[in-house]
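Asks: One letter stands for each residue in the lines below.
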Amino acid sequence: MALSWRTAALAAVGLVPVLLVPVYAIVLGWALLVVLAVAVDLLLAGSPRDVVVRRVLPGSVRLTQPSRSELVVTNEGRRRLRGQVRDAWQPSAGATGNRHRVSLPPGESARLVTPLLPTRRGDRLADRVTVRSFGPMGLAARQLSADVPGRLRVLPEFASRRHLPSRLARLREMDGRTAVQIRGAGTEFDSLREYVIGDDVRSIDWRATARRSEVVVRTWRPERDRRVLIVLDTSRTSAARIGDLPRIDASIEAALLLSALASHAGDRVDLIAHDRRVRAQVTGTSGGRMLPALADALAPVDPALVEADWPAAVAAIRQRLSQRALVVLLTSLDPAAVSTGLLPAVGPLAHDHTVVLASVADPEVAELTRNRGTVSDVYDAAAAERTEIERAAVLVRLRQRGVEVVDALPDELAPRLADAYLALKAAGRL
Amino acid sequence: MTDQSAPVRIGGERARTAAARRWRRWRLPLLIAVVLGISVLFSVLIRPDLSGDPLAINNPGPLGVRAVAQVLGRQGVHVTEVRSVDAAVAAAAAGTTLAVVETLPLDQADLERLARTPADLVVVDGTDRTLQELTDGAVANAWDHAPGVRYADCQDPDAVAARAVSSSDYALAALDTRATVCFADPGTPGTGSYAVLELGGRTVRVLADSAVLTNAHVTEAGNAALALRVLGKHDQLTWYRPTLLSPSTGAGTGIGVALPPFAGPVAAWLGLLVLVVALWRARAFGRVVTEPLPVTVRAAETTVGRGRLYRGARARGHAAAALRAGTARRAASRLGLARSADARTVIDALAGATGRPPAQVADLLYGPPPTDDAALRALARALDQLESEVHHT
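First to last, the sequence lines map onto chains A and B. Here the first sequence stands for residues -15 to 414, where the numbers follow the numbering used here. Here the second sequence stands for residues 67 to 459, where the numbers follow the numbering used here.
Keep in mind the hints are simulated off the structure, nothing from the lab. Small disclaimer: the values here were computed from a predicted structure and weren't measured. Don't be surprised by glycine CBs; every beta carbon is placed ideally from N, CA and C. There may be inaccurate statements among the hints.
What the hints assert, rightly or not - Short, incomplete list of chain A residues facing chain B, as computed with Cβ under 7 Å:
#1 Thr(-9)
#2 Ala(-5)
#3 Val35
#4 Gly43
#5 Ala130
#6 Pro230
Claimed, not checked - Calculated Cβ distances over 10 Å to all of chain B for the following chain A residues:
#7 Met121
#8 Ala329
#9 Glu388
Chain B on its own, in the form it takes in the complex:
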């Protein structure tokens, strides 16, 4: 006996209605996804180019220097940020200012290239090596033992105009007479927050602490005046902030140099391969078929549940009564007693069958309920023993 179904065209009416149903079901989520995607795209495109990096000219946070950069821009100074030594050297023409903001330590080769540029230099947060190279050994790092407000106390017109700046733990010391140190620390003569010197036909200015430039502190004391005067000497300011990712020429320290030149294209190819393999494996050959499963509750579930209730309520009396009744029932039927036999008859028959004293059998079957779990367990064992004796007779 066989059944033949009517022929079905795979792309027939049913498939079309199924496709239409699928489209109706998915068009709203699809529309929402498209709208969301477009709005995200717009927000990315419209959002101003902001950064969260410390000492970045487009960071509006407390550690950024966006305030100084914007004021300089309004004053006609063109501020550009560069991230590589190459770009810094290329932009540092004569008659411009090159600010070296040492957020990452620069190496010897980079420093030598920077030292050879004709632009006026502003060194911020310089390391010992940087100061050695860029000031030709005239200025060195020192410590300020009592941070606070410092007064100019020197001949430099910029420092005098600023009158006072806030200072932190960092300070500078002049090692020879070429350098002028301003904002001296009264406790430690010869040290200060700002140094200036003429070197090879250009001016090198050194700021001990970048804090005077940051958005958080630029409004304190005369910080703003000093920052604007130091950075705004020329129409063009190149703000060089080193980065790990675009290393300098030669002996750089970034991870890029550790990889062979074909790494990038191979990684892109790997991405292509992963995409294709994912598309290959992800497409299911028809939908998953589900099984209408029957109820799967064990019949003994209610019994086990009752056991758990006994245990939870510590109903030792109930449990012991059930065990005793079970044993008595089985033993009685084994010994051929009537179902209605009374306790006395059962005890006598059991005592006779097992050779135990009737008092002991009576205690086992009709004694007081056990007081703890150990006693209950012992009772269960004793009942087992009694029953096995009956069955052996």
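Same shape as in the complex, but just chain A:
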């Protein structure tokens, strides 16, 4: 049962008779009148038990994109349904305006649309649908809730896609370059074209020139059909918050940009998310289907508060790779975690594959290093310096084992990783 403001107003009007005849009996009589009116209204209200609700949802939506949840409400009772329907969602689903007025004659349906604007990645779940059915006087309502399951998959925002056009342009520049700009073991012979002034004379193909009347040069293109395996670390170090978001969100952005770029460059991209076991994987997709599959697989991945099992991760990587490939580890340069877990495992891996470690740096540590106002600031700055020194030491040890390291702030990690990929590609190291 629920009361409305009208009941309060009815009770308030009781002041008039009480002032006219100031005796307790009038108050008691008015109270009985209010109770009676509420009871009659409740008896005449349509039953919320006979309401049937069906939910219509878009399957998935990208973070920060508006969406909508629709409820098809059917009144299967014998009385008219006047009242309100609440479509409750988790707060991060951003369901504003989720209370709908309805007035349904028996047997009719209405479509109630709740706008959604998700504020967090992952699966956002619908809570209960509550139906409040008022009587004809609008004094009191019968109220009932029921679970109407609904799940909206919120994909990663992929804000780093704004970096994609410039990186694709760089990729195209690498295409069709003459050997004067790029000459390495990794570039492949592409085609022959006419010599123009400025081309390196060393790239002239003399045999082809001899067959034709003009001078012909060889052109090269970046190698294609290489394998890229992205390993997303979902262990405890990825849970730490940098700015407003956990570290893993920056890693996911970087993974998406790299995948988009690599698939355009003609490479095969696979991904696994790993902490102590494989938590999500995308393998064997390519072309236009790859990026949606990747976003869908990464959407519900949340950090687990466990220590990463790098030997297991390396085993999983080896199991998926037969030829030499680019292995991108999206983790963090946490000195303790790296030196105990990652360092021993990554050496042999770097021997067989090209390994890039991409880590999200924390601007707050740099901030602490610079801030030296008070004595306690100085101690904090000293601690931050120590952290930086340890990170630098770990970085050196990683590079000694042949691991490329990209250490960047959350916003810059995705483009920096893309640049590292392009540099490796240009150098033919894939």
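Model the placement of chain B on the given structure of chain A, informed by the hints.
Replies: Structure of chain B alone, referenced to chain A:
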């Protein structure tokens, strides 16, 4: 791409099982609450009607007079307590006793009405005005300078029968010969704890101090005898104890008279309104939905924690070493030195870049650890300065 869920009936199987689950979860607390409520109700109903007010006939505490009232009752005296002048006057018929226990001062109008009643009066703890009105000026309040046990020392048969009573600071004095004062104070002739006089065909008895009646003191000396004899003269005893809440007629002093007559019903209506508004606002439209929140630990938390450890342990040596190493590392990379460069090389390169004497640079980067916080802060500043000079070159 859209997903359609199966239709759900709001009052369907799920809702019923939810209701059943809710009932199962709440029935035990509900049962306990009902049992508790019933037991509280019973204890209230069964408990004898007791009071904590001083000089109340149903107060079993030290300040009450339940002992005297019960003994009187067993002796066949019907004791009734009244709280208003109206009730006192109505009950004070001829051949009964009206005890005026002045726990609150009575006003002139009330006293005049009490004085006109035909019943025998017993005045306890009377104020000056009360004694003036009810004894027609024959008895007045006085002080007893040496409290103790007093002996009757008069002709009144009740006082003689009691032989002795305990007395306190309060006493009475006879202003004319109509009054007989008993239990005189040897130090102050003419004063005593008890006075009696015939006035207009009835007997007025005055007790200077209510202590002789209370449960605490009634067993001392002859207090009990005096109390029972004074109060038990007739079959009917009306025990008038004034109260603030039920004022007398006319010029009363209670708060009730300050309010208009409709105040009570309006207050009741206000209660009704508050109840309805509370019921209206309290009912939630469906339950509160919770958010499964991710871990919210800042990544820099460990660094800040280490800083706090340094500070807590006053590890100035460690802190200074870290600051120096940081500066040397950045400056060295700025000047293009190898990571493995030794101290000598770094000092020379820095001295060359900043134009400072090598000894000063060496002291800054490799000097002794600071001895107090101020020195540490000064070192941090000096290192900053050195670094900014390197970066400017």
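Asks: Run the structure past the numbered hints and jot down the numbers of the failing ones, going up.
Replies: none
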